[in-house]
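Using the hints, position chain C against chain H.
There are 2 protein chains.
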Amino acid sequence: MNEFDLIKTFFNSSQLNFSSEFVDVSIGDDCAVLDVPADQELCISADTLIENVHFPAGANAYDVGTRSLCVTLSDLAAMGAKPIGFTLAISLPKQIKEDSEWLKSFSDGLAFIAQKYDCPLIGGDTTKSSILTITIQVHGITPKGKSLKRSGAQVGDLVCVSSSCERALGDGAGALPLVLDEPTLNTGLAKSFWQPLPQIELGMLLIGKATSCLDVSDGLVQDLNHICSASQVSMELDMKKIPLSEELLNLYSKEEALNYALAGGDDYHLAFTVKDVSSMPTNVITIGRVVEKSEEGVILPNYQGPNLTGFSHF
Amino acid sequence: MNEFDLIKTFFNSSQLNFSSEFVDVSIGDDCAVLDVPADQELCISADTLIENVHFPAGANAYDVGTRSLCVTLSDLAAMGAKPIGFTLAISLPKQIKEDSEWLKSFSDGLAFIAQKYDCPLIGGDTTKSSILTITIQVHGITPKGKSLKRSGAQVGDLVCVSSSCERALGDGAGALPLVLDEPTLNTGLAKSFWQPLPQIELGMLLIGKATSCLDVSDGLVQDLNHICSASQVSMELDMKKIPLSEELLNLYSKEEALNYALAGGDDYHLAFTVKDVSSMPTNVITIGRVVEKSEEGVILPNYQGPNLTGFSHF
Chain H
16 MNEFDLIKTF FNSSQLNFSS EFVDVSIGDD CAVLDVPADQ ELCISADTLI
66 ENVHFPAGAN AYDVGTRSLC VTLSDLAAMG AKPIGFTLAI SLPKQIKEDS
116 EWLKSFSDGL AFIAQKYDCP LIGGDTTKSS ILTITIQVHG ITPKGKSLKR
166 SGAQVGDLVC VSSSCERALG DGAGALPLVL DEPTLNTGLA KSFWQPLPQI
216 ELGMLLIGKA TSCLDVSDGL VQDLNHICSA SQVSMELDMK KIPLSEELLN
266 LYSKEEALNY ALAGGDDYHL AFTVKDVSSM PTNVITIGRV VEKSEEGVIL
316 PNYQGPNLTG FSHF
Chain C
16 MNEFDLIKTF FNSSQLNFSS EFVDVSIGDD CAVLDVPADQ ELCISADTLI
66 ENVHFPAGAN AYDVGTRSLC VTLSDLAAMG AKPIGFTLAI SLPKQIKEDS
116 EWLKSFSDGL AFIAQKYDCP LIGGDTTKSS ILTITIQVHG ITPKGKSLKR
166 SGAQVGDLVC VSSSCERALG DGAGALPLVL DEPTLNTGLA KSFWQPLPQI
216 ELGMLLIGKA TSCLDVSDGL VQDLNHICSA SQVSMELDMK KIPLSEELLN
266 LYSKEEALNY ALAGGDDYHL AFTVKDVSSM PTNVITIGRV VEKSEEGVIL
316 PNYQGPNLTG FSHF
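These protein sequence lines are chains H and C, in that order. Just so you know, the first sequence maps onto residues 16 to 329 in the working numbering. Just so you know, the second sequence maps onto residues 16 to 329 in the working numbering.
Here chain H stands alone, though its shape is the one from the complex:
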């Protein structure tokens, strides 16, 4: 199958390349063309996922598709942006190029997430390589000048994270050993690795409310330190308030779970600062407070666990 046929069969399909009021030209010309409404600005973010670096070989193609798009969409959530389209630059080893079942299943996984977040595939590039490499760039819109940055936290603000009864901090990192051990496992805690839920709705709701925001991808403490640097503040966290899921606590000790929550990567919850939580939805948990800048960025009173350096894929 040549490049044009492969794109036509697996990517330029109505389930992936569906129409959108924000897309004037989609797959098939030299560029895709986006129509950004006059009162909005465009947020963009790109993420690369590589087999055996960011996910294990032997995983279900469907799961690779869902994870690739979810983790990238999470950056739009962190800015409070509404997704409007994504591009896919995929480099395929020979055996995958010829594996229609793999390609169909990968495309189905992408389509499930694309439809869930109303974010069609609008362009990209298909190349051959010896290593499966997936780069996705997402595009989203926010009201002009209102996107959530890392730099606005102020002393006295509350530090909050998103979580839910099913998914909380540490789940992504806690799932990783399970997934590495059994790449096709995609239920229970492992589902939070393959389908982390980008907090798009919460991000959009935080516009005009959060003073700073990011998504937790490299570990809570390391990521909150980015807000501390950008905002020139420190933060004091209350260990007892860090939300941990039942599934995580079923598999790990309290101490292990807390360490995953503080330093594990791959959570894709939002961490942010606000003046007041009275109008926040129930999946928002207050875990600390912004304080005057000191030598440490994030301060963990009474913490006695291991050093928290955060997770690095690099």
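One thing to keep in mind: the hints can contain errors.
To give a feel for the contact side, a few chain C residues facing chain H, derived at Cβ under 7 Å [to be verified]:
{"hint": "1", "residue": "41"}
{"hint": "2", "residue": "45"}
{"hint": "3", "residue": "66"}
{"hint": "4", "residue": "94"}
{"hint": "5", "residue": "144"}
{"hint": "6", "residue": "152"}
{"hint": "7", "residue": "195"}
Label-pair ranges, simulated between beta-carbon atoms [unchecked claim]:
{"hint": "8", "chain 1": "H", "residue 1": "269", "chain 2": "C", "residue 2": "52", "range": "14 to 24 Å"}
{"hint": "9", "chain 1": "C", "residue 1": "52", "chain 2": "H", "residue 2": "196", "range": "23 to 33 Å"}
{"hint": "10", "chain 1": "C", "residue 1": "54", "chain 2": "H", "residue 2": "16", "range": "38 to 48 Å"}
DSS-like, lysine-lysine: derived pairs with alpha carbons at most 25 Å apart [what the hints assert, rightly or not]:
{"hint": "11", "chain 1": "H", "residue 1": "112", "chain 2": "C", "residue 2": "143"}
{"hint": "12", "chain 1": "C", "residue 1": "143", "chain 2": "H", "residue 2": "143"}
{"hint": "13", "chain 1": "C", "residue 1": "109", "chain 2": "H", "residue 2": "308"}
{"hint": "14", "chain 1": "H", "residue 1": "159", "chain 2": "C", "residue 2": "109"}
{"hint": "15", "chain 1": "C", "residue 1": "224", "chain 2": "C", "residue 2": "290"}
{"hint": "16", "chain 1": "H", "residue 1": "308", "chain 2": "H", "residue 2": "256"}
{"hint": "17", "chain 1": "C", "residue 1": "256", "chain 2": "C", "residue 2": "159"}
{"hint": "18", "chain 1": "H", "residue 1": "143", "chain 2": "C", "residue 2": "112"}
{"hint": "19", "chain 1": "C", "residue 1": "308", "chain 2": "H", "residue 2": "23"}
{"hint": "20", "chain 1": "C", "residue 1": "143", "chain 2": "H", "residue 2": "109"}
{"hint": "21", "chain 1": "H", "residue 1": "161", "chain 2": "C", "residue 2": "159"}
{"hint": "22", "chain 1": "H", "residue 1": "109", "chain 2": "C", "residue 2": "206"}
{"hint": "23", "chain 1": "C", "residue 1": "161", "chain 2": "H", "residue 2": "159"}
{"hint": "24", "chain 1": "C", "residue 1": "23", "chain 2": "H", "residue 2": "143"}
Simulated from the structure, these hints should not be mistaken for laboratory data. Everything numeric in this text was worked out from a predicted model, so none of it was measured. We treat Cβ as the ideally placed atom computed from N, Cα and C, and that holds for glycine.
Here is chain C on its own, set in the frame of chain H:
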């Protein structure tokens, strides 16, 4: 060097990440934020270049940088778009991650082209891999509804290509054997491989004038066939009018040179249709005419060379 330090040292530099009226947020937050003027729309295109697939191992890092950005910018030229910024997703093998000289030189090559076309680096992703893989996405603006498509050619239009006294059709493909033989060669014809010149200025000038347009990346005949399909027309070309450069004719026979021009890839000139060439700049050559749709798309009267299937990197 960790990911953050590497980005800071080689990519988040003032020569690459320079300020622009169209960029509200650049490297350093969860997303970059683009401000698209109310009367404009946004054109985007992504290209992946892989070592030993799209360029030979052992090439100068500087040349890899220039080529990567030039070929992607060419897609903006094909839409008539003005570049406003690009993202870089780069996957680095261990030996390059630790080779400051390589990284500095690559970054200098990118910066040379970024500055030439006023297109700053605004975001991306840096990952590790066993193969050097570079995905660049470019972003440009055109007046709303006016971007050049492949679909508007009409019977009677003239078929034109860009060329200059130094660079013409076939140069990219003619340079390829030289570059494969000696990857560090970057003068003479080889320069057209490492620094193909995206026809940004011409593209912008064609807005409102060209009825269809694309850039020649897979071979003139194959690419013009895309216009024929999208516009439901055929084209009759005049072999004698195909522009060939002196450098190409110095190295190859007339027949070889013509074959490179018709079927070689990597030219990155513009091919387009217009009603009238009286207001066209001197680097525009008329090579044929749009005719009623027939079985063949592009018709080459009296052509007796080899079959022209076009170039495929895939």
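Check your understanding: With a cut-off of 7 Å, does the beta carbon of residue 45 of chain C approach a beta carbon of chain H closely enough for the hint to hold?
Key -> This hint holds: residue 45 of chain C lies near chain H, its Cβ roughly 4 Å from the closest one there, short of 7 Å.
Practice item. Mind checking the alpha carbons of residue 308 of chain H and residue 256 of chain H for me, to see if they're no more than 25 Å apart? Key: Given pair residue 308 of chain H, residue 256 of chain H holds - Cα atoms ~22 Å apart, limit 25 Å.
**Study point:** residue 152 of chain C as chain H interface residue, shortest Cβ-Cβ below 7 Å
**Key:** holds, 5 Å
**Study point:** 25 Å Cα cutoff - pair residue 161 of chain C, residue 159 of chain H
**Key:** holds, 24 Å
Review point. Quick one, are residue 161 of chain H and residue 159 of chain C close enough, alpha carbons at most 25 Å?
Key: holds, 24 Å
Practice item. For the pair we were handed, residue 143 of chain H and residue 112 of chain C, check the Cα-Cα distance against 25 Å. Key: holds, 23 Å
Review point. Does the alpha-carbon distance linking residue 308 of chain C and residue 23 of chain H stay inside the 25 Å limit?
Key: holds, 23 Å
Check your understanding: Does the Cβ pair residue 54 of chain C, residue 16 of chain H satisfy 38 to 48 Å?
Key -> About 42 Å separates the Cβ atoms of residue 54 of chain C and residue 16 of chain H, which means 38 to 48 Å holds.
Review point. Should the interface hint for residue 94 of chain C be scored as holding, given a Cβ-Cβ cut-off of 7 Å against chain H?
Key: holds, 5 Å
**Study point:** Status of the residue 66 of chain C interface restraint (C-beta, 7 Å, chain H)
**Key:** violated, 9 Å
Review point. Holds or violated: residue 143 of chain C with residue 143 of chain H, Cα cutoff 25 Å?
Key: holds, 18 Å
Check your understanding: How about residue 41 of chain C: closest beta carbon in chain H under 7 Å, or not?
Key -> violated, 11 Å
Of the hints listed earlier, those the structure fails to meet are numbers 1, 3, 7, 8, 9, 13, 14, 17, 22 and 24, in rising order.
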